[in-house]
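Colleague: Heads up: the sequence shown at position 196 corresponds to 196 in my numbering, and the numbers run straight through without jumps.
In case anyone wonders, no lab produced these hints; they're calculated from the structure. Being a predicted model, the structure only gives us computed values, none of them experimental. Incorrect hints may appear among the rest.
[As the list claims (entries may be wrong)] Have a look at the derived ranges for each label pair, beta carbon to beta carbon:
#1 ASP203 / ASP42: 16 to 22 Å
#2 LEU55 / ARG127: 22 to 28 Å
#3 GLN69 / ARG245: 33 to 39 Å
#4 ASP120 / ARG357: 50 to 56 Å
#5 GLY63 / ASP42: 31 to 37 Å
#6 ARG245 / GLU47: 42 to 48 Å
#7 PRO221 / TYR125: 43 to 49 Å
#8 PRO298 / ASN344: 24 to 30 Å
#9 ARG317 / GLN71: 21 to 27 Å
We put the CB at the ideal spot given by N, CA and C, even for glycine.
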Amino acid sequence: MATFGAGSLDTCDRAHYVPRGLLLQWHVTDRCNLRCAHCYQDSYAGEELGFRDLLGILDQFTGLLNRWQHQVSLPVRGHVTVTGGEPFVRRDFWDLLEVLAAHRDRFSFAVLTNGYSVDDSVARYLRRLGPHFVQVSIEGSQSSHDRIRGAGDLARTVAAIEALVRQRIRTVISFTAHRGNFREFGDVARLGQRLRVARVWTDRLIPMGSGSSLAEQVLTPEETREFLEIVHRARIDSARRWFGRTEIAMHRALEFLLGGGTPYRCTAGDSLLTVMPNGDVYPCRRMPERVGSLLETPLEELYRKNEFLRALRDPSRCSEGCEGCGYVALCRGGLKCLSYAMSNDPFKADPGCWLARR
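Taking the hints into account, I'd like the entire structure generated from these sequences.
Modeller: Written out as structure tokens, the structure reads:
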């Protein structure tokens, strides 16, 4: 998973700050063949840019990387994660992947998919293009997964993973934790090990979009701690394997507090930006605060001048409830998108943090 940390210049120097890299999460369509209960989309139709506009966005992205690299005289890494909706529903999706593959010397790319369209022939073609990884989701046991994603979907997802692994494509399983499934993470981790995926990682439910009615399913601070202990045990179990080891990732908000995971802070608006199917820009897809449109304002101008983006990457800003915490400089408030979803304010402490002042 491509993640980038703080940049080479102090973020207070807003005119010259350059992050170490930029991850562009690119939603090329809202269309999807599934209707997952916790989906953060609230619509499955809407304006969708044509292929020429997609190429224009890619030109803005590569141009910004080139200018940043010249500015700091150091490599500035780039990564594009393409998703939807379900990206494979676009007829020109393969054409876009071909273009991304042609730029592999400048940035890496990955695909987030529900796996519905992935079979052996698709996996073989993906292998030729060389994505950094392909990610699919598993939500727990068959009953839990199919209740969330639709009857029979777990079997289809497992078949897709098997096809990807056969082609030696780096395959990642994502798990969304909520009160109804968080104790099943260990089973998902063991399934990932049996399937020989590269990584199993997890994040917590963000109640927004179609899942906005699921606020009561958000983990409490006590459940969050229990869940992270489950993840830590799964990590230890995987590390004991001699062969075919699957990474159980602990590099998300609060996970470093248990199990020795790498300290993490939200990178939305800093080394992460999201582009929507109509060209709108968000700091993160799970923080749906529109900061502009790439059809109206260049990417570099949005990054430099938008006040919300600058506030998100301001290292001096302390989230409400985190005052005095010894981890404040490392964590910077935890999962900002969850704070945004629960209180409409990303600058409040992570609702799942058991150390926060309430």
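Colleague: Work down the list of hints and note, for each, if the structure agrees.
Modeller: Okay, the hints, checked on the actual structure:
Taking the beta carbon of each, ASP203 and ASP42 are about 19 Å apart, inside 16 to 22 Å as hinted. Distance hint for LEU55 and ARG127: a CB-CB separation of about 24 Å, consistent with the stated range 22 to 28 Å. A C-beta distance of roughly 35 Å is found between GLN69 and ARG245, which places it inside the suggested range of 33 to 39 Å. Distance hint for ASP120 and ARG357: a CB-CB separation of about 53 Å, consistent with the stated range 50 to 56 Å.
A C-beta distance of roughly 32 Å is found between GLY63 and ASP42, which places it inside the suggested range of 31 to 37 Å. For the pair ARG245 and GLU47, the supplied restraint of 42 to 48 Å holds, since their beta-carbon distance comes to about 44 Å. As the Cβ distance of PRO221 to TYR125 is approximately 45 Å, the hint placing it in 43 to 49 Å holds. A beta carbon spacing of about 29 Å between PRO298 and ASN344 agrees with the range 24 to 30 Å that was offered as a hint.
The hinted window of 21 to 27 Å between ARG317 and GLN71 holds, with their beta carbons roughly 24 Å apart.
Figure legend: structure checked against the earlier numbered hints; every hint is met.
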